[in-house]
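Please build the complete structure, drawing on both the sequences and the hints.
4 protein chains.
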Amino acid sequence: MKKICVFTSGGDSPGMNAGIRAVVRYGRAKGLEVIGVFRGYDGLINGKLKDFNERSVSNIIQQGGTILKTARCAEFRTEQGVKKAAETLTKNNIEAVIAIGGDGTFKGLLALKKYWQGQIIGVPGTIDNDLYGTDYTIGFDTAVNTALEAIDKIRDTANAHERCFIVEVMGRHAGFLAIAAGIAGGVEEILVPETKTDIKAIAQRLKENEEKGKQSNIIIVAEGDDAGNAFEISEKLKKVNDIDYKISILGYIQRGGAPTANDRILASKLGAYAVDLYLAGESGVMAGETKGELCAVSLEDAVNKKKDIDKNLLNIGCFLSQ
Amino acid sequence: MKKICVFTSGGDSPGMNAGIRAVVRYGRAKGLEVIGVFRGYDGLINGKLKDFNERSVSNIIQQGGTILKTARCAEFRTEQGVKKAAETLTKNNIEAVIAIGGDGTFKGLLALKKYWQGQIIGVPGTIDNDLYGTDYTIGFDTAVNTALEAIDKIRDTANAHERCFIVEVMGRHAGFLAIAAGIAGGVEEILVPETKTDIKAIAQRLKENEEKGKQSNIIIVAEGDDAGNAFEISEKLKKVNDIDYKISILGYIQRGGAPTANDRILASKLGAYAVDLYLAGESGVMAGETKGELCAVSLEDAVNKKKDIDKNLLNIGCFLSQ
Amino acid sequence: MKKICVFTSGGDSPGMNAGIRAVVRYGRAKGLEVIGVFRGYDGLINGKLKDFNERSVSNIIQQGGTILKTARCAEFRTEQGVKKAAETLTKNNIEAVIAIGGDGTFKGLLALKKYWQGQIIGVPGTIDNDLYGTDYTIGFDTAVNTALEAIDKIRDTANAHERCFIVEVMGRHAGFLAIAAGIAGGVEEILVPETKTDIKAIAQRLKENEEKGKQSNIIIVAEGDDAGNAFEISEKLKKVNDIDYKISILGYIQRGGAPTANDRILASKLGAYAVDLYLAGESGVMAGETKGELCAVSLEDAVNKKKDIDKNLLNIGCFLSQ
Amino acid sequence: MKKICVFTSGGDSPGMNAGIRAVVRYGRAKGLEVIGVFRGYDGLINGKLKDFNERSVSNIIQQGGTILKTARCAEFRTEQGVKKAAETLTKNNIEAVIAIGGDGTFKGLLALKKYWQGQIIGVPGTIDNDLYGTDYTIGFDTAVNTALEAIDKIRDTANAHERCFIVEVMGRHAGFLAIAAGIAGGVEEILVPETKTDIKAIAQRLKENEEKGKQSNIIIVAEGDDAGNAFEISEKLKKVNDIDYKISILGYIQRGGAPTANDRILASKLGAYAVDLYLAGESGVMAGETKGELCAVSLEDAVNKKKDIDKNLLNIGCFLSQ
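Protein chains in written order, with our numbering: chain Z, 1 to 322; chain H, 1 to 322; chain P, 1 to 322; chain C, 1 to 322.
Calculated from the structure, these hints are not laboratory results. Among the hints, a few may not be true.
[Unchecked claim] Straight-line C-alpha distance at most 25 Å; calculated DMTMM-like pairs for lysine to aspartate or glutamate:
{"hint": "1", "chain 1": "P", "residue 1": "30", "chain 2": "C", "residue 2": "51"}
{"hint": "2", "chain 1": "P", "residue 1": "214", "chain 2": "C", "residue 2": "51"}
{"hint": "3", "chain 1": "C", "residue 1": "30", "chain 2": "P", "residue 2": "208"}
{"hint": "4", "chain 1": "Z", "residue 1": "306", "chain 2": "H", "residue 2": "293"}
{"hint": "5", "chain 1": "C", "residue 1": "291", "chain 2": "P", "residue 2": "289"}
{"hint": "6", "chain 1": "H", "residue 1": "305", "chain 2": "H", "residue 2": "223"}
This one's a predicted model, so the numbers in the text were calculated from it and none came from an experiment.
Put into structure tokens, the structure is as follows:
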């Protein structure tokens, strides 16, 4: 029986367990042996492997986090570390690695490729949605809805106090989460790394909103915005319009929780598709979905090419927050 | 100033309010006067109109239901009723009607078109997702997640008691909701109107699941399945394999609740797009989104053409529920 | 080391896992060996026992259902069955049984007492809250909030359609759940087994509500109401005031889900207290909490005495639903 | 017709709207005219009053925030401000003021009492639960469950990464929220202002937890803990045991959201009871509930006396987090 392995790596994202389940069950349905690797690259290096069957992944589709654990692994950033990982795979007769994670994870796969001849397939799992070659990454939809629930709650308080709130969401390099949660939350301003933030214009609009009879203002900021984080932006705005801003940093709650339907479905599809890619002899690719169609994109492109934000949506958001 | 109106009709769906907000705010940003019509076609007939401004739709993006109300209207099914509705529009100098609803709503628009010269635009709002020409309808994503939460809860009890549950979801003619909630819920069987239900095969698999060590079994059934509703299916299965089935009919809870991020974003996009279609001189079309692109489809096609379920997804589901 | 065992029995309720965790960890902290019994009385009869330690109950406090499973057990209703269960306990040198469940479970404990000399302690776990001697049972608070979320969703649709809904909640003999969810949901009528249902008066008030400008009406019914279930009540009302009623049976979703804070805290307290009762030499009692104080009540009283509903609260509800 | 007024003041808390609804509807059912005052003491000073009827409070029981708005009011801290507020009340023939809020709100009532002869009644509405004379304040239960949901999510990530998290919850002077959310969340350490925090002992236990096989550690900290806020505690711990801590400040999300069943019921009871206290001629009291019984406590006691945390519960928590 042919043998493949699956692991998760980097920051956890909701739906990773659904992805693991899909790889295991679909792989076994296709006659493969499926090995679970614990703690990502660290587990590859140190041989933390376990033979998985259908029952190993029972009742996990609804769980956040990852039953395979995840870890940052300094040793894997060394040549020696990568070689050790390659040895583990060779020694255990593993033919393919399916890794669920974000760009750090995929860079790891590309490093591994240099020292190991097996097939290498990535599955996009990150709440940031910042991978090229797939419209959505596993975990993004859940994170957006978690941020949205928080914004809905903050709106209650913002309305009650008629105050201005700045809500910081995750996104060091990408504004996907901020844009989606911001449009859905009906917020007044959305600040993302991809667009230049104009503090004076924002301060001006916030003042005007008062005259329009708006009862509250919420600004959503991706943590990596060019104008700074929520605290810095608050200081800058205050200097212009002398309003006091309340700040909320959503932080780690965006990573956990039971995955939404979309994330479970996407993880199920991409996990199965990753196995199909293996069976088709593919390697060095990420299993993605674009415009509703499954697709394989090279790991290099997934990591290096820039996925564009939806500027049209941002634009509509400006009209709708009037 | 040019004048358009907006209403909701048919069964309510989460995100309708976000759609109303988008039509009103985007319309006014484009220099239009926007009239809200209460209670759907009944309000057209009886002139229940109200001038809406930006503040009229404050703080509704997160609310389920519809602030414009909705109703079934027997009078509008008569020629006289349609004429009265047309008169209201003419009398009030309304140039376009934007209606948010499902196929009944769109058939109403087509009827209206015969007696009124203005522009007629539909926005797909129904939890059933059964309209051709748009990948998703407003409300579908929320309904799927509501059904999913229910399934997650039922799974707790099914596991604790090691019992078999049949969960009936909405869908008189379409299985979209059952399929999405079923795949995401990791259920053992998904029964939809679009595929022939084989009671004997299901009964057989349920028995086998026991041998596999599965701790519980959940069958999801769209209410319009060819083998009957949940109670009927339970009877049929019992005759074959003599297992007792527990039944849960999710019912109306699937219609309400705060909309998910996706439904609010889709409603925002389609509401604004409907206004753009009006401005572009279009009529007799539904504002939809296919493969990530906004698109206009004729109301006739939206209503009459059959949207296919994702059989590939159903197929993956079979592998993953092993 | 002294040995006790813990099991769950009857219908599952959210918080049972938190109760198991409390018995195991608190018991072991007090120097006891703690055995988990699977599938309730069936597990006692058939010796499905497992030695539990602190890690056996890791990460379960937030899970609905019960990791120990639960089952109805026909054999335990026979003298022979009870004797077998007693033998299992004696053979394994178990000194005390801690059972989490409702009145059926406690009756089982009383039966066991006749054939076994060990200590017998009950912990109230049922969503019905119908046990005398404790203000709240484990699972009640979660079930109320689950029913409440459903009512909030139904209210959206009821408002949108300006219709009258009848929502049936669990409660074959007790109206605690209906009353709490009804008051919290702001429903118009609350029908429970403990009070006589006056169909004519209700029909009359529903008509009056229309004149008052109420946009919707929701009637909550405990399944065991004297006037019948939701369908029967709907028929009776319709005969009087000729309104069409929409019906929603909440069913099994009320049993599952992550427990609320209150249920987890109550389960933690009562689980630990049950161990303390064992250590104090008590037997034949239920660990309860009344007016904020832990208390032990005889199992006979817990089962046989009638816990009163809060008629004052029902009364306030009448004023507040105007 | 006799006239009373109701307002909310200080930080908003979930359930305030349910409290307003109860005062208005119960008051009117008892034959009173009920005036809503907007923006707390600011509205009293500036005469922002509105006559409320049953329909004014329709469909608000499920909403977070407060439809009457709330604000901090600097002017009311001056003698002149208080006199203006008193004049507004006298001029409008208002016989009683019912104020929903926390200790700042009640101190305001006591100030008002010096310059106005009417009846003054407080209703406890704060997520901190730090008012003497009532077991629970309106909003506390919701805030606990909001914090708990956040902890459940963070637990997913903590488990996946096998890391130690510090979660800071609200509570400048009181640990009620931290204790309840901490016990329910099954956290490893609970740090509150009422007990001395021993950094060395905690650092030691965290190290031991690793050896026990615990997969994650969560420390919950009330913002006013004697050892500092989450960041300061993280620094102190790190100096002792050289572990990296992840930090999450829950912040304002704890204030908003749809209230839980308990908060809606408590608000309904206390709102109605406040009206009853007025009708009974009481003044200078807070409407509270202790050990399941409604009770009136003097506003001085409510504000000045210290409500004790449940040290027994904290103690059980230590055993259960093993």
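Status of the hints after comparison with the structure:
no. : hint          : result
1   : 30/P - 51/C   : 61 Å, violated
2   : 214/P - 51/C  : 19 Å, holds
3   : 30/C - 208/P  : 19 Å, holds
4   : 306/Z - 293/H : 20 Å, holds
5   : 291/C - 289/P : 11 Å, holds
6   : 305/H - 223/H : 21 Å, holds
Against the hints set out earlier in the document, a violation occurs for number 1 only.
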